[in-house]
Amino acid sequence: MKLGLAEDRSRWDGFWRDLVAYCLSPPTFITVASVTVIVAVAGPFGTAETQSFIERFIYWGLVLSIAMPFGFASKLLILRLRPDFPGSVHAFCTASFFTALYAPMLWWLCAIISAGQSRETLSLALLSAGLWMLAQCVSLARLVLDMDPMRPSAPAEVAPEMPEPRLARRVELTPGARIVRLTAEGHFVDVHSDDGRVQRIRLRFADAVDEMEGVPGYCVHRSHWVAVAAIASRERESGRDFVRLQDGSRVPVGRKYKPQLVEEGVI
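If you number the sequence shown the way numbering that gives the first Met the number 0 does, the last residue is 266 and the count never jumps.
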């Protein structure tokens, strides 16, 4: 497999699974419900004049329910395309991309609700600005309430420096990049680094793990090794355990390896 194909496969692996999981998570329902009540009371973009409170509540509930998948998709896209972005830059890019995708649709929906009047009275630029600010506020609220399942970069900025292992001599790393994950693929090992690159080398998985000596890490699965500094959180879905890494990827935890990880406080 060519290097570029391996990078693309790793980068987009689990995109739709993660998107569905985020959309159906309890924090998402809490956020949608809270913001729906706020905008239903405020009645922005002319909805206060054309709708009753119940109508506004239903309307904005639908609008926000549709907006959430767009928002999460935007966040996942930016996270996978540029995992090296700082948290503030990531939030700015996510809000901008989301606004570009969703603002025209929202403007069109407002026009339908108001029988076309919004096309003359509501500026698309004004709506886009308000939507962008709302996206930023929602992101900030989720961070403050510790409800954001996709915090991408803040922990990475304070991650401890990792020594360079012997395995680093087998691959090409950009200056400052570190190996954070190994994945076994038959007689090959995919070496993941924190600059977003994936490089495939011909080597036994056990030997690759041995050559990561000096870097704190664990085999979390018979086919996966991860560096401790790259682990962001633990997740559980359908009775299975996973570790979420700083780059947004998710690695399964094998039952054989879970007791040691729990005992040592890794998960």
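Careful, some of the hints might be misleading.
[Said to hold, decoys possible] Below, in silico cross-link-like pairs of lysine to any residue (SDA-like), each with a Cα-Cα straight-line distance of 20 Å or less:
id, residue 1, residue 2
1, K257, R239
2, K255, R239
3, K255, G238
4, K257, R233
5, K255, R235
6, K255, D240
It is worth saying that the hints were derived from the structure and are not from the lab.
Tested hints:
| no. | hint | result |
| --- | --- | --- |
| 1 | K257 / R239 | holds, 11 Å |
| 2 | K255 / R239 | holds, 13 Å |
| 3 | K255 / G238 | holds, 15 Å |
| 4 | K257 / R233 | holds, 11 Å |
| 5 | K255 / R235 | holds, 16 Å |
| 6 | K255 / D240 | holds, 12 Å |
The earlier numbered hints are all upheld by this structure, with none contradicted.
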